[in-house]
Structure formats: C-alpha cells, structure tokens
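Residue numbers (the working numbering), protein chains in the order written: chain A, 1 to 323; chain B, 1 to 359.
In short, the hints are calculated from the structure, not lab data. The C-beta atom is built at its ideal place from N, Cα and C for all residues, glycine as well. Misleading hints may appear alongside valid ones.
A short, non-exhaustive set of chain A residues, derived as facing chain B with CB atoms under 10 Å [to be verified]:
#, residue
1, Asp33
2, Ser60
3, Thr65
4, Gly68
5, Tyr72
6, Gly84
7, Asn95
8, Leu125
9, Tyr227
10, Lys263
11, Ile296
12, Met297
13, Leu299
14, Glu303
15, Tyr305
16, Arg312
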Amino acid sequence: MIMNMVQAINSALSQEMERDPSVVLLGEDIGKDGGVFRVTEGLYQKFGDQRVIDTPLAESGIVGTSIGMALYGMRPVGEIQFDGFVFPAIDQLINHAARIRNRTRGRFSVPLTLRVPFSGGIRALEHHSDSPETYFVHAPGLKVVVPSGPYEAKGLLISSIRDPDPVVFMEPKRIYRAIKEEVPEEEYTIPIGEAKIVQAGGDVTVITYGAMLKTVREAISTLNDKYSIELIDLRTLSPLDTDSIISSVQKTGRCVIVNEAAKTLGMAAEIIARINEKALLNLEAPVERVTGYDTIMPLPKTEHYYLPNPDRIRQGIEKVMGF
Amino acid sequence: MPAEPVKFAVPKMYQILDENGKCNEAEMPKLTNDELRKIYENLVYARMLDGRILNLQREGRCGTYASSLGQEATQVGSAFALGKDDWLFPYFREIGAHITRGLPMHLYLLYWMGDERGSKVPEGLNDFVISIPVGTQNLHATGVAMAMRLKGDKKAAMVYLGDGATSEGDFHEAMNFAGVFKAPVIFVCQNNQWAISLPLSKQTASKTLAQKAVAYGFDGYLVDGNDVFAVLKVAREAAERAKAGGGPTFIECVTYRMSDHTTADDAGRYRTPQEVENWKKRDPIERVRKYMEVKGLWDEVYEKSVVEKANKMIEDDVREAEATPPAEPDDMFDYLYDKIPKNLADQKAEVLAFLKRGA
Ligand SMILES: Cc1ncc(C[n+]2csc(CCOP(=O)(O)OP(=O)(O)O)c2C)c(N)n1
Ligand SMILES: [Mg+2]
C-alpha cells in the first residue's frame with residue numbers, strides 16, 4: 001500500500017496496540033485531535049481514552065509517568081509535540097529512563113518509546129525546527145532511531161516499541177508527507193542498530209539520516225552518475241552501526257557526512273572519530289562534513305541559510321573527489 | 001475526632017461590567033474619560049490587527065499565528081494596570097497587552113512573519129519577548145520580581161500564562177519561588193478554556209485555577225476575563241500590593257479562545273460550534289461600547305473615527321513590516337555571543353563565500 005510517513009507510523013502504532021494490550025500512547029493532543037501532525041489520527045476512536053491518553057501539558061509528566069507505567073509492565077509510547085519541547089523531559093529521560101536498568105542491575109527496565117518530531121524546513125515557529133538528536137546519543141542507556149521515509153518508519157517503530165530498552169524515536173517532520181512509497185500493510189520489523197546501504201558505489205561514501213537522505217539524493221541526482229556513490233542511511237544513531245561505516249569507507253577511501261544538526265559534536269563528528277580509529281589509512285581524502293552551523297536554528301525567513309542543501313552537499317562531494 | 005481534609009471556599013467570579021453593558025459602578029476602577037476611550041481604542045485596535053494578521057497568514061504573507069480573538073479584555077485590562085517601569089512577560093497570545101504597552105506593532109508583525117528582528121524590543125520598553133516553550137516565562141518574571149525586591153525598587157513584573165501552562169513543572173516552581181520570596185509578580189492566567197484540543201476539565205481536576213495560589217501562600221482571584229474593568233481593577237490592586245511589599249498575586253481571567261489555537265489548527269475537530277456561539281454573547285468589546293454609549297462617550301461618529309484610526313495604524317504596521325529588507329545570513333551568527341568566537345566567525349565567512357559563489 002502506498003503510504004506517507006504519517007500513515008506508516010499510524011499503521012505501526014495501530015498494529016502494535018492490537019497485538020499487545022500493554023502498548024499505550026501518551027501525549028498532548030494525541031487523542032480526539034489525532035496529534036498536531038495527525039500521526040495518531042483515528043487511534044483514540046479505535047482504542048479509547050484508556051489507551052490513547054491525552055495528557056496535561058507537561059513533558060516531564062509524560063516521560064516520568066511513562067517510566068512508571070513501563071516499570072509496571074506496560075509499553076508506553078510517548079509523544080512530544082515538537083523537538084524544542086523535549087527539554088522539560090530531559091531530566092526524566094537522562095537521569096532515569098536511561099539509567100534504571102543499570103542502576104538496578106537489571107532488576108527493573110524501561111521499555112519506553114518516545115516519539116519526537118524534529119528538524120526543520122517546514123517554516124515553523126521558534127523551538128519547532130530544532131535537531132537535538134545528539135543530546136540523546138550522548139546519554140548512555142538510550143537508543144536513538146531516525147527513519148528516513150515511510151517504509152523505514154514503520155519497521156523501525158515496531159522494533160522500537162518491542163525493544164526492552166528506552167528508545168527515542170525521532171521523526172523528521174519535513175518528510176512526514178513529502179515521501180510516499182510502498183509500505184506493507186502487515187507488520188514487519190527493521191532491526192535497531194543496523195545502517196542501510198541505500199545505494200552501492202565505489203568512489204565515495206555519503207552518510208546521512210532522517211530528512212537529509214532526501215536532500216542528499218537530490219544532490220546525487222544532480223551529479224548525473226559522475227561518481228559511483230555509496231549512500232548510507234544510518235537509521236539508528238545509537239547504537240551506531242560502526243561496521244557498515246568502516247567497511248564502506250575502507251572500500252571507497254572517501255567520505256562525506258551530512259547532518260542537519262549543528263556542526264560541533266554532531267553525528268558527523270563521532271563518525272569521523274570512528275573512521276580515524278578504524279580506517280584512517282584507507283582514506284584518500286580528509287572526510288568532509290556538511291552540517292548545520294553552530295547557530296540557533298533561524299526563524300522561517302532565514303532557515304534556508306542554515307539547512308544543508310543539495311548545492312552544499314554536491315560541493316562537499318566534489319571537494320573529497322577533487323582532493 | 002476523625003481526620004478532616006483541608007477545605008476552602010471559592011468565591012464567585014468577580015465582575016464589574018456584565019455582558020449587557022450593565023455596570024456595578026461602586027466597583028469601577030478610577031478612570032478618566034480619556035483613559036476609558038484609550039482602553040476602548042486599544043481593544044478595537046487589538047481585534048482589528050489580529051484579524052488583519054489572520055488575513056495576511058491566509059495570503060501567505062505571514063507565518064503560523066496565534067490569534068487573541070475574544071481575549072482582548074484580559075490583555076488590555078491587565079497591561080493597563082502597569083506603570084512604565086514595570087515589566088511584562090508575554091507568552092505568545094497577548095496582542096492587546098503589547099498594544100497597551102506601546103510596542104511598535106510592526107515589530108510584532110515582523111516576528112510572526114518569521115523574522116527574528118521583530119523580537120528586538122525598543123530600548124526603554126520593559127517588555128520581554130514571546131516565549132513559546134509553555135510555562136517557562138513564569139520563572140523569568142518571578143526572577144525579575146525577586147531582583148526588583150532585592151534592589152528595593154518599587155516595581156512589579158506581570159507575566160501571562162495559559163490554562164494549559166499551569167500543568168508544566170515550571171509553573172509550580174515559579175509560584176513557589178514567588179510565594180517564598182514574596183516576589184512582586186502578578187500572574188495573569190488567560191483561562192481561555194482550551195489548550196489546543198484539551199479542555200480545562202482534562203487539564204486539571206482543580207475546580208478553579210485561582211485556588212492554586214492558596215497552596216503557594218498568596219492570593220488568587222477568579223475574574224471575568226471578558227470584563228476589562230474587572231481585570232484592570234484586580235490587576236491594579238495586585239500591582240499596588242506588589243509594590244508595597246505584599247508579594248505576588250495570581251489572577252485567573254475567565255475568557256475564551258474564539259479562534260483556532262493557531263492558523264495551523266482546526267478547532268472544529270474537538271469542539272462544537274455551539275460552544276463558540278455561546279461565548280460570542282459574552283464578547284469583551286461589545287459590552288464596553290454599550291457602557292460608553294450610556295455614558296455619552298460613544299456614538300457612530302466616534303466609532304468611525306476609532307476604526308479609521310486603527311485601520312491607518314494597521315496599514316502602517318503592515319507596510320513597515322513588509323518593507324523591512326530581508327535579513328542577511330549574518331543575522332544568525334551575530335547575536336549568539338557578545339563577541340563572535342573565532343570558529344563561528346569562520347563558519348559565517350564560509351556561508352557568505354558559499355552564497356557569493358552561488359550568485
Ligand atoms: C513546553 C511546550 N510544550 C508544548 C508546546 C506546544 N503548545 C503550544 S501552545 C500549547 C497549548 C497552550 O495552552 P494554554 O497554556 O492554555 O495557552 P493558549 O494557547 O490556550 O493560549 C501547546 C501544547 C509548547 N509550545 N511548549
Ligand atoms: Mg488555553
């Protein structure tokens with residue numbers, strides 16, 4: 001069935017709720033309203049207000065009580081309305097969700113999924129376009145998953161819900177409706193922790209994730225097969241699939257990493273460090289990163305200056321190829 | 001004796017001017033005729049500008065916008081109680097308060113059009129900027145008020161919040177700090193009955209929001225938020241009390257969000273048209289007009305002049321906002337720090353070079 005990402009996520013939530021009565025949804029405006037992005041549309045009508053829970057306006061409350069529900073054997077799936085509003089919940093996420101298994105030496109665990117729409121390009125208000133993913137990647141004990149399209153979203157979300165540990169599931173809102181593709185109606189999983197080789201190639205490895213995959217593809221198409229490009233979609237940011245990255249770079253000897261988040265300590269920085277550790281001597285050129293700047297995501301009128309675009313990405317590829 | 005739970009009584013909602021324009025003169029705040037006219041003109045300007053912004057948004061000339069339709073009396077009445085030296089902290093639905101304080105409204109427009117420069121409040125105006133993360137501003141206002149008290153200044157800070165904001169942790173912390181430190185802060189809660197799709201009954205099990213103040217050790221008032229005089233009266237007394245060292249006040253202004261939550265929302269999904277119709281009868285502006293008419297302060301000629309004046313101001317606001325040349329990319333680098341660090345300067349140079357190459 002052809003679906004966009006909103007429909008694919010909705011389908012994953014619906015099927016998991018049918019399969020497992022312990023799955024409950026919590027969030028602001030996710031019930032009657034179906035969520036501000038309509039991701040939970042129809043679920044309130046289908047499963048009722050005991051399982052699709054419109055919470056008071058409190059993110060720490062959503063995550064903190066989800067932790068409690070998870071301790072008691074439920075599988076809560078929380079929704080944070082927009083990226084910028086995850087911060088009131090950070091104490092619960094990092095000081096608790098991420099640590100409870102370790103703190104209790106495995107006696108308690110927190111199988112919680114927290115869905116967070118993130119990143120820019122939709123001309124939204126302040127705090128509605130941020131890319132805070134590396135805050136979570138930096139927190140030991142959390143898994144961080146980012147789909148790049150409808151197919152990935154459904155399989156990865158089902159895996160996240162079934163995962164025994166807390167998963168921050170970040171949904172690139174710019175491609176909620178921008179990509180439509182074939183998505184199986186029946187349930188399926190995509191393993192967490194495995195990157196995907198989207199396209200095989202021998203000249204240069206391009207690594208990205210989330211909404212930037214679409215932008216990278218646009219950049220690649222403007223190059224008209226000038227280079228043989230290996231394109232990797234990370235899919236999971238934590239735990240990072242180092243093996244796929246390293247074996248690709250060992251083959252191509254060149255690498256460009258694209259992330260929308262700020263440059264300093266963004267995903268690209270960590271990937272470069274891993275390449276240095278494991279494939280430095282295979283490199284034919286310094287690894288290039290195309291990222292957002294170390295600035296605050298601008299308001300709509302100037303956000304295009306911030307976002308990595310096909311031109312900047314192409315330039316990055318040309319730079320490593322021309323080295 | 002069996003254990004008894006703590007109980008207290010909630011008074012009736014305070015009102016001076018009812019929806020038919022009938023006024024309890026004994027309770028009227030002291031106002032000159034000029035002040036009365038100013039209040040009315042602010043209400044009208046607020047509503048007309050708000051409507052104009054909604055139109056601009058529809059035409060693609062403005063970004064997502066949160067309308068104040070129906071909440072003008074809460075906003076104008078409360079802000080009118082402040083002196084120039086007092087501080088005001090909005091959230092994002094206070095067009096009437098900004099107008100009352102004298103913010104050049106083309107800046108407000110510029111902000112909603114997606115340009116950060118709209119948040120550069122002119123020197124001398126102690127109005128803080130829009131705060132989108134719900135509830136956070138309560139602590140900032142409380143902190144300003146704590147500093148006012150520490151410095152011995154006879155000033156007050158006023159902060160706006162929605163009914164939904166009372167659920168955030170920061171709200172609790174602000175109320176508690178305000179109570180503990182007797183901060184001269186006035187919490188103006190615009191209880192517009194909805195937080196996006198969540199009705200108040202699902203937001204809290206508390207009968208009123210005003211009663212929350214009791215638990216923090218200060219007074220809370222339940223006020224008709226569509227009655228500009230009642231709001232002004234209670235806010236004025238709160239400001240006087242604050243400046244005299246009497247500490248904080250919480251004012252629950254009972255009003256209604258007549259519009260969608262924002263232009264990105266469709267309220268038809270979660271509330272009935274009947275509910276909206278019922279609130280129309282409690283319009284905050286209509287009743288002031290009726291009152292002024294009886295007083296001999298309003299007639300058709302005056303109305304025409306008020307509307308004309310508002311229209312002219314709005315045209316100027318829109319023109320000025322739209323005539324502002326687009327921001328350069330420098331804009332995102334130049335205000336992060338007092339002095340731009342070297343690596344950031346390099347990134348800025350990189351952007352400028354990239355754009356030059358593109359051109
Ligand atoms: C911390 C945070 N969470 C969520 C949001 C998204 N959001 C914006 S306004 C709003 C509802 C606010 O309701 P209320 O406080 O009653 O103010 P109103 O919009 O009704 O004026 C929500 C959930 C936000 N801006 N900040
Ligand atoms: Mg509200």
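We went through each hint and held it up to the structure:
| no. | hint | result |
| --- | --- | --- |
| 1 | Asp33 | 4 Å, holds |
| 2 | Ser60 | 5 Å, holds |
| 3 | Thr65 | 12 Å, violated |
| 4 | Gly68 | 16 Å, violated |
| 5 | Tyr72 | 22 Å, violated |
| 6 | Gly84 | 6 Å, holds |
| 7 | Asn95 | 14 Å, violated |
| 8 | Leu125 | 6 Å, holds |
| 9 | Tyr227 | 21 Å, violated |
| 10 | Lys263 | 7 Å, holds |
| 11 | Ile296 | 7 Å, holds |
| 12 | Met297 | 9 Å, holds |
| 13 | Leu299 | 5 Å, holds |
| 14 | Glu303 | 8 Å, holds |
| 15 | Tyr305 | 4 Å, holds |
| 16 | Arg312 | 7 Å, holds |
This entry does not satisfy hints 3, 4, 5, 7, 9, going by the numbered hints stated previously.
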